[in-house]
Amino acid sequence: MNLKITTQIARTHLMAKKRQTLVAMLGVTFGIAMFITMISFMQGVNQFLEDSALDASPHVRMYNEVNTQRPALIDQLNRSDSAFNVIYHQKPKEQLSRLKNGLLIARRIGREPGVLGVSPQLSTQVFYNNGPIQISGTIAGVDIDRENRLYNLKSRLKSGTIGALQSNPNGLIMGHVLARKLNVHTGDKVSVTTPTGGTMILRVVGTFGFGIGTLDNSKSYANLSTVQEILQKDAGYITDIHIKMIDPLQAIPFGRKLRAMYGYYTEDWATANSAILAGEQIRNVMTFVVSMTLLVVAGFGIYNIMNMNVINKIKDIAILKATGFEGKDIVLIFLFQAIFIGLLGGLLGLLIGFTLSYLLSITPFNTGDFITIKTFPVIFEPKYYGMGILFGLITTVLAGYFPSRKASKVDPVSILRG
Amino acid sequence: MEKVLKASHFNKYFYEPDKFQVLKDVSFEVDKGEFLAIVGKSGCGKSTLLYLLSTMDTEYEGKLEINGQLLSGRNQDFLSKFRNEHLGFVFQFHFLLPEFTTLQNVMLPALKLGKYSEKEVEHRAYEKLKMIGMEDHAKKLSSKLSGGQQQRVAIARALINDPTIVMGDEPTGNLDKTNTGIVFDIFREIARENHQTIIAVTHDPDFAAGCDRVIEMSDGMIISSHEN
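Protein chains in written order, with this note's numbering: chain S, -12 to 405; chain B, 39 to 266.
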């Protein structure tokens, strides 16, 4: 009953001062619209950077590190406390960077639970020659179907097809910046020279772009057997195993487990991309700070307006108290007004925020070769809209509560005596 | 005669700017259905006394009983409820809520009381407005009424919950002769017909002359009490 009469009074107050109500509402609307736009855009950027970096790198990479320190043989054989050995120019042990039984290991890892895909590969430094142009880069011999499963190569292709590599044993899918530097197009031939001296003429059957400079201007994919042939190695020779997990967070313990199991070095995505992850954290903090500032500013706006409202209505409050309304009724009257303003302003803010985010997401954004997007990255996440309306309500309720508590403490005698 | 209000040994101090005793050991009683006027020069403490009786001012020494209920020393929420049900007020400067219609202004205290349904409250509010001759203005915003009309609506509002006592602080203070006459007649009628008690602070000698009893105050004390 009291609730009914207090809401009725609150409604009458709001309707009587339509413009003031609207101004208060727009304060909330602006704050929340900006919050939604900000967070959708910032998170979109984060997501994009994370995707473009992490999509192109394995969750776990297993490889054999060849430059391991080893004690000199003489130290092992001729140890004594009274003398010491001096060795100049010790050469590292002649050692291949191969993973022994690599294909078998890959097959076994593929059967582990939580693993999305495994791609064994043979990767080496090469020189790409086309006439006078010589560019150093890398070549990865892969099973292109498996590699596609890990990195979604199909969507990264700028020309050619994956099938072309499978049907052409001497095919090459090349980073599109590298191809441009070499001045080759799909169908052209390029000579590939390995550090050990092997040379082979390969035909470019496609180009790809990951949006990451170090890949796009130096890397090529070829069939595993082709690279084994250039290096004059057997069919079981591989140097890397790339692994993608279903849950990327599982990669870190999984990598540790693999290292203990097989004795080869493993590197997980978090270590490989620590700079990107740190950047993301900084951006998250920044987004949070800016969003909070917007909401707090909007909150102060409402506080001011509610405060003025209470001061303007002080005579009415005195009358209500004189005719029998209690302090908590007065609080309710003004709190209802604040909630109404917060809710309606907030919903309008969500709508405007969504519209702004949408407009941003279709704005053309040309960044040149490396970045693969055509418009600004924006994500539409219901969670942020929920947060927006929740924060909006909390700030308005707080901003409305303090003035209304003041209103409830008004001494009617001092007002009514004039 | 049944006593409806008992005030005993009221002492009240103002502390700003200096300590000053406004009321000095004031005691009196009021009968049910009595039309009482409190008169005196400005600053004699008559308005202060009225606000103590109204239960809105609680900082005083003494004992207040209305309708047999002890009211001194009670908390604010209890007093709000008590005012709502048992007391009606008419102030000098009419004091209606400007955003509400005449009818809504009259209905508000009854809706707060919650004794009747909204329909019944509306019906009763119309009856009160009819009594004061304002039923034609029921749907008008109260800010659009003249001073005299607003004062009459304020009386209707004071009467809506059928209070035991109606209190008025200079209820005719800024009204012309015609309106003063109308207001006085309404008070006179409700005291006689409904046996509701009226306590009014006034400067107007004509108004006081028409009351059942006049209490005269000076320097915070009751100096005389005589029946007309």
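Please keep in mind that the hints were generated in silico from the structure rather than gathered at the bench. Careful, some of the hints might be misleading.
Pairs of lysine to any residue, SDA-like flavour, derived with a Cα cap of 25 Å [said to hold, decoys possible]:
| hint | chain 1 | residue 1 | chain 2 | residue 2 |
| --- | --- | --- | --- | --- |
| 1 | S | Lys370 | S | Asp398 |
| 2 | B | Lys153 | S | Gly198 |
| 3 | B | Lys62 | B | Ser256 |
| 4 | S | Lys(-9) | B | His161 |
| 5 | B | Lys153 | S | Met187 |
| 6 | B | Lys79 | B | Asp56 |
| 7 | B | Lys44 | B | Val60 |
| 8 | S | Lys396 | B | Leu117 |
| 9 | S | Lys4 | B | Lys215 |
| 10 | S | Lys4 | B | Ser184 |
| 11 | B | Lys101 | B | Tyr53 |
| 12 | B | Lys177 | S | Leu347 |
| 13 | S | Lys361 | S | Gly184 |
| 14 | S | Lys(-9) | B | Leu151 |
| 15 | S | Lys87 | S | Gly184 |
| 16 | S | Lys302 | B | Asp69 |
| 17 | S | Lys396 | B | Lys119 |
| 18 | B | Lys101 | S | Asp398 |
| 19 | S | Lys315 | B | Glu137 |
| 20 | S | Lys302 | B | Ser256 |
| 21 | S | Lys396 | B | Lys62 |
| 22 | B | Lys157 | S | Asp316 |
| 23 | B | Lys215 | S | Arg404 |
| 24 | S | Lys315 | B | Arg112 |
| 25 | S | Lys315 | B | Asn113 |
Computed from the model, here is a short list of chain S residues facing chain B with C-beta under 8 Å [stated by the list, open to error]:
| hint | residue |
| --- | --- |
| 26 | Ile(-8) |
| 27 | Ala3 |
| 28 | Leu236 |
| 29 | Pro240 |
| 30 | Arg270 |
| 31 | Ile306 |
| 32 | Phe312 |
Beta carbons: idealized from backbone N, C-alpha and C, even for Gly.
**Message:** Of all the hints numbered above, which does this structure not satisfy? Sort the numbers upward.
**Reply:** The structure breaks hints 1, 2, 5, 9, 12, 13, 16, 20, 21, 28, 29 and 30; every other hint is satisfied.
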